[in-house]
Amino acid sequence: MKLSVVLCPNLGRVVCAGPGGGSSDVQWCFSQVKGAMDDDVAEADIISTVEFNQSGELLATGDKGGRVVIFQQEPESKNQPLRRGEYNVYSTFQSHEPEFDYLKSLEIEEKINKIRWLPQKNAAHFLLSTNDKTIKLWKISERDKRPEGYNLKEEDGRYKDPSTITALRVPVLTPMDLMVEASPRRVFANAHTYHINSISINSDCETYLSADDLRINLWHQEITDRSFNIVDIKPANMEDLTEVITAAEFHPNQCNTFVYSSSKGTIRLCDMRASALCDKHTKLFEEPEDPNNRSFFSEIISSISDVKFSNNGRYMMTRDYLSVKIWDLCMETRPVETYQVHEYLRSKLCSLYENDCIFDKFECCWNGNDSVVMTGSYNNFFRMFDRGYQQDVTYEASRENSRPRSILKPRKISTGGKRKKDEISVDSLDFSKKIIHTAWHPLDNIIAVATTNNLYIFQDKLN
Amino acid sequence: MEVNVEARRILAVSISKLYASRSQRGGLRLHRSLLLSMVMRSARDIYHSSRESEQPNGEQPATEEPMDTNCDPKEKARLAPDLADTSADMAPGVSDKLDESDCDITEDKENLSPAKQSRKRRGKASAAPDFLPSKRARLEPGEERYAAPVGSCRAGVGDYRSALTLNQVIPAF
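Protein chains in written order, with UniProt numbering: chain A, 1 to 463; chain B, 1 to 173.
A few of these clues could be false.
Straight-line alpha carbon distances no greater than 30 Å define the calculated DSS-like cross-link-like pairs of lysine-lysine that follow [stated by the list, open to error]:
id	chain 1	residue 1	chain 2	residue 2
1	A	K264	B	K17
2	A	K104	B	K17
3	A	K34	A	K139
4	B	K17	A	K64
5	A	K434	A	K412
6	A	K434	B	K17
7	A	K348	B	K17
8	B	K17	A	K234
9	B	K17	A	K361
10	A	K361	A	K434
11	A	K420	A	K409
12	A	K433	B	K17
13	A	K361	A	K412
Keep in mind the hints are simulated off the structure, nothing from the lab.
Build the full structure now, drawing on both the sequences and the hints.
Here it is as structure tokens:
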């Protein structure tokens, strides 16, 4: 079979079988890396979520220490019109603090599990951030002017002696250095007994959902003291528990529809118009298990770690431990596409169970036009799957590839006996280096990939 | 035999993970605990199935386990069958998904354990690791362990559908 190098429009240069097809030359290259580059990783700096806003101008990260860091893309400079602006720190704030549940004698971690941006309605930006128990609405606003010439106060803020005031004047707004303020506008607390794994904003621009292991609640963005429970899978007897909710998301444009995935590998689509409590699903997506792959760990690896609707709302993608599956919302019996992320790990499940890696909850994401999906793996590898060209590629986020605009080289893992040059053998993979969180700019070929404590930004090379 | 050793090892690892997760920051994770208990159930089922096939006369397997004094997780292995034999409620809806023949552990070369089986009883010198609380009385040499107490739900030989209930492995939620 003839092998050729194909210039895949979305993945770059990939090797595929068969005659190559010409296409636009897209190459992924390194853009920036954020975070400390030393080997000593502070636990608080471990990145726990990454999310672009709807325009892609802002990129938010949350970490284990409860902090949110927002990067803003600089506008394209006139001097270099073909180079995209860099992402620089826009705002940093402490979103959540560690708390203590006195009733259960349990500490509540401050780790940010998810960040979701609200659609922008005015000059300010709003986002929801959540830890295990509490969701917060943050307003991020700019201040570049301040009033000067108060009647009652001095410039330094001290109050004047009223007897010295002899005239009135109107304070004048004068320019100042840009200051970005983050302020908590709402705190949505005390609604979840179990650990929150997902939040999702509804397309109605008014409500959002939050999901924990057993329940999903519907909130109004303005109302913090109550929420509606819309899914409850807690059995009457906890001994009968067989599955938990692992992720949930609203449909991108149908405000009555949402999906939630389970630890058993099923996805349920629910219609809120059907009933107040959506325990009964409208659709159940499930693929029968392959009996040849049965093992001790079948249940663990079939557990879905992430579910994401496509931007057009016709498909959804699920990630389990070894694969990514694309489902057509009209077909419940099986996925329409399945991509193996790292099938070579199937024979290593016992070791991965012992070192806890089998419990890693990888995320996945779509590109802007739903033609490519991306997910992370070990050894700081991340994978892209082009749905149209049916090709896949593996890249690595590493310091060696961190020279400005250096082109990413596809990586190959050697699974057979003989390792070719430039291939990496499975046994030499570093399982402590994992890419769990990835995000794709909604409108452009820019991706953000989080290693343990660094955020790598890659973009396609513009000529 | 390899299946037996492997199942026991996985059971031991699972138990130690469960106990370790109790002291985890943020409390027990329900999802993780559920997955651990599923693996433990599978391992336990395999273990009992393979034990039963080793005793063709249908005798109920002795509750005291033959000791493996060679490998490191021996303490965990000793406690694993202890935990497995404690009274367990029938969990309705639990289905035996794994037959012995389905178990592909024997084909999993990576997991072959070279540990030998020894029927030696463990001496007093070896103590259980701190993080594994000992729930059974230690036996003096020559002492027999009595049958499971009245009130146990183990109905008899072949009743391997009994599963570790979530309540036994997870404190009350």
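Consistency of the hints with the structure:
1. A:K264 with B:K17: holds (21 Å)
2. A:K104 with B:K17: With Cα atoms ~21 Å apart, A:K104 and B:K17 stay inside 30 Å; holds.
3. A:K34 with A:K139: Roughly 23 Å separates the two Cα atoms, so the pair holds.
4. B:K17 with A:K64: holds (22 Å)
5. A:K434 with A:K412: Distance of about 16 Å is within 30 Å: holds.
6. A:K434 with B:K17: holds (21 Å)
7. A:K348 with B:K17: holds (18 Å)
8. B:K17 with A:K234: Roughly 24 Å between the alpha carbons, so the hint for B:K17 and A:K234 holds.
9. B:K17 with A:K361: Status holds; Cα separation ~17 Å.
10. A:K361 with A:K434: Within the cut-off at roughly 10 Å; holds.
11. A:K420 with A:K409: holds (16 Å)
12. A:K433 with B:K17: holds (21 Å)
13. A:K361 with A:K412: holds (23 Å)
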